[in-house]
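Given chain H's structure and the hints, the job is docking chain A onto it.
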Amino acid sequence: MLRVDISKQLGEFSIEAAFTSEGRVTGLFGASGAGKTSLVNMIAGLLRPDRGVIALDGETLDDAAAGVHVPPHSRRIGYVFQDARLFPHLNVRQNLDYGRRMNRLVDDPAQRKRVTDLLDVGNLLDRRPGQLSGGERQRVALGRALLSKPRLLLLDEPLGSLDEGRKVEILPYFVRLRDEANVPMVYVSHDAAEMRQLATQIVMLRNGRVTALGGVKVLTAG
Amino acid sequence: MFELSPAEWTAIRLSLRVATVATLVATPLGIAAAWLLARRDFWGKPVVDAAIHLPLVLPPVVTGYLLLLTFGRRGLVGAWLADHLGIVFAFRWTGAALACGIMSFPLLVRPIRLSIEAVDLRLEQAAATLGAAPWRVFLTVTLPLALPGVLAGMVLGFAKAIGEFGATITFVSNIPGETQTISSAIYSLIQTPDGDAAALRLVAVSIVIAMSAMIASEWFARRATKRLHGN
Numbered sequence: 003m004l005r006v007d008i009s010k011q012l013g014e015f016s017i018e019a020a021f022t023s024e025g026r027v028t029g030l031f032g033a034s035g036a037g038k039t040s041l042v043n044m045i046a047g048l049l050r051p052d053r054g055v056i057a058l059d060g061e062t063l064d065d066a067a068a069g070v071h072v073p074p075h076s077r078r079i080g081y082v083f084q085d086a087r088l089f090p091h092l093n094v095r096q097n098l099d100y101g102r103r104m105n106r107l108v109d110d111p112a113q114r115k116r117v118t119d120l121l122d123v124g125n126l127l128d129r130r131p132g133q134l135s136g137g138e139r140q141r142v143a144l145g146r147a148l149l150s151k152p153r154l155l156l157l158d159e160p161l162g163s164l165d166e167g168r169k170v171e172i173l174p175y176f177v178r179l180r181d182e183a184n185v186p187m188v189y190v191s192h193d194a195a196e197m198r199q200l201a202t203q204i205v206m207l208r209n210g211r212v213t214a215l216g217g218v219k220v221l222t223a224g
Numbered sequence: 616m617f618e619l620s621p622a623e624w625t626a627i628r629l630s631l632r633v634a635t636v637a638t639l640v641a642t643p644l645g646i647a648a649a650w651l652l653a654r655r656d657f658w659g660k661p662v663v664d665a666a667i668h669l670p671l672v673l674p675p676v677v678t679g680y681l682l683l684l685t686f687g688r689r690g691l692v693g694a695w696l697a698d699h700l701g702i703v704f705a706f707r708w709t710g711a712a713l714a715c716g717i718m719s720f721p722l723l724v725r726p727i728r729l730s731i732e733a734v735d736l737r738l739e740q741a742a743a744t745l746g747a748a749p750w751r752v753f754l755t756v757t758l759p760l761a762l763p764g765v766l767a768g769m770v771l772g773f774a775k776a777i778g779e780f781g782a783t784i785t786f787v788s789n790i791p792g793e794t795q796t797i798s799s800a801i802y803s804l805i806q807t808p809d810g811d812a813a814a815l816r817l818v819a820v821s822i823v824i825a826m827s828a829m830i831a832s833e834w835f836a837r838r839a840t841k842r843l844h845g846n
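Protein sequences, first through last, are from chains H and A.
If you want the numbering used here, it's the 1-based position in the first sequence plus 2.
If you want the numbering used here, it's the 1-based position in the second sequence plus 615.
Misleading hints may appear alongside valid ones.
Below, a list of computed lysine to any residue pairs in the SDA-like style, where the Cα atoms sit at most 25 Å apart [as the list claims (entries may be wrong)]:
1) K841(A) / D85(H)
2) K151(H) / K841(A)
3) K151(H) / L754(A)
4) K151(H) / G167(H)
5) K841(A) / N43(H)
6) K151(H) / A748(A)
7) K841(A) / K169(H)
8) K841(A) / R130(H)
9) K151(H) / W750(A)
10) K841(A) / H192(H)
11) K169(H) / L754(A)
12) K151(H) / Q740(A)
13) K841(A) / N125(H)
14) K151(H) / L736(A)
15) K841(A) / Q133(H)
16) K660(A) / H91(H)
17) K660(A) / D85(H)
18) K151(H) / E739(A)
19) K151(H) / R751(A)
Hints in this document: simulated from the structure, not taken from any laboratory.
With the rest of the complex left out, here is chain H:
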């Protein structure tokens, strides 16, 4: 279970958000500039809230009043960025293996095979990120995050940098991920159609404030 109750001042803009989620896929929905990415960065630990608490499965990750801030590398929270951010000096295989090495996990060939099959990246392993298409890059980034065995997976507009044709190509992988991988996810998007297909619970954000919480039907109500 993810519990967020924070506030953060970013220049002129402020975020004040509180919600808890237990769904398989929590959809963080809102227009661009609503504060979605900042909120996700706080969950990941890349940004520190001014006030409040972030807790995951009963473990406090942030508690501003108590001075608690677990650094990102100790959170075991996977993050798929809009712009993939694959390491350009490593090939796909090394990118996929990076999280396992950094977390000092034992090699798990079965898990690796499951993820590479799920995402169809088995034929890309020896390539460099520069030789991949946008969709391929995003799939590798997803695999890389999954293979670090996260407790929670953050997906920040993972289809945002892709054109319509590519989106249709990638979306099924996320559906498969939701149904087959046993990792709760926070999925960020401004696209209501994507949300309806993927999310099991919606947190609607506008101007840094939560305006609606609930099932996918809040999308139509809003």
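Frame of chain H, contents of chain A only:
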């Protein structure tokens, strides 16, 4: 005509040794300094930045004299090092290496700093979310991506070290076989009657070394761009 005498070979070998030692010792320090300047904000940063670049703008003879005052036998640091660790810099080749290391430090640091600055912070963030502690982010992402800049800095620093003259001759003098580098050998030869031919030979050697360094440094810089674009 182009037959190098044993004395000239001695000067060339000494120059290479001095410049190699200076570069190898200065590189880890240079990486640390470059990282601090590129990635950290701290009180007194402009002063540290200026201090690193000082040898570039100070007259070399001033740097050499300051070294002599500090690291000479009766210098504050020099006396302590000699008494407690048995390390002597004054009038030794190690002193030449120290002078060359300090004089070439700004040239070494600059390309490394620029290449660290060019490493995308967002890649470092991604590494952190994958479980890499800050020092591992540095070793597995920042440093490999900045490596061509590190090599370019080393080449540039080496070239500067091998040509250093003013600070070296002020600090450790011009002793054949101990502190007489190519530059000070040329200086002596020009002042010797009939020394022109030998001086010219050493001049040719300097040009070859400098040109090779520049070409190598360019090559590393091109590699850097390629590496950052992931091909």
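Against which earlier hints does the structure fall short, listed by number upward?
-> 2, 4, 5, 7, 10, 11, 16, 17
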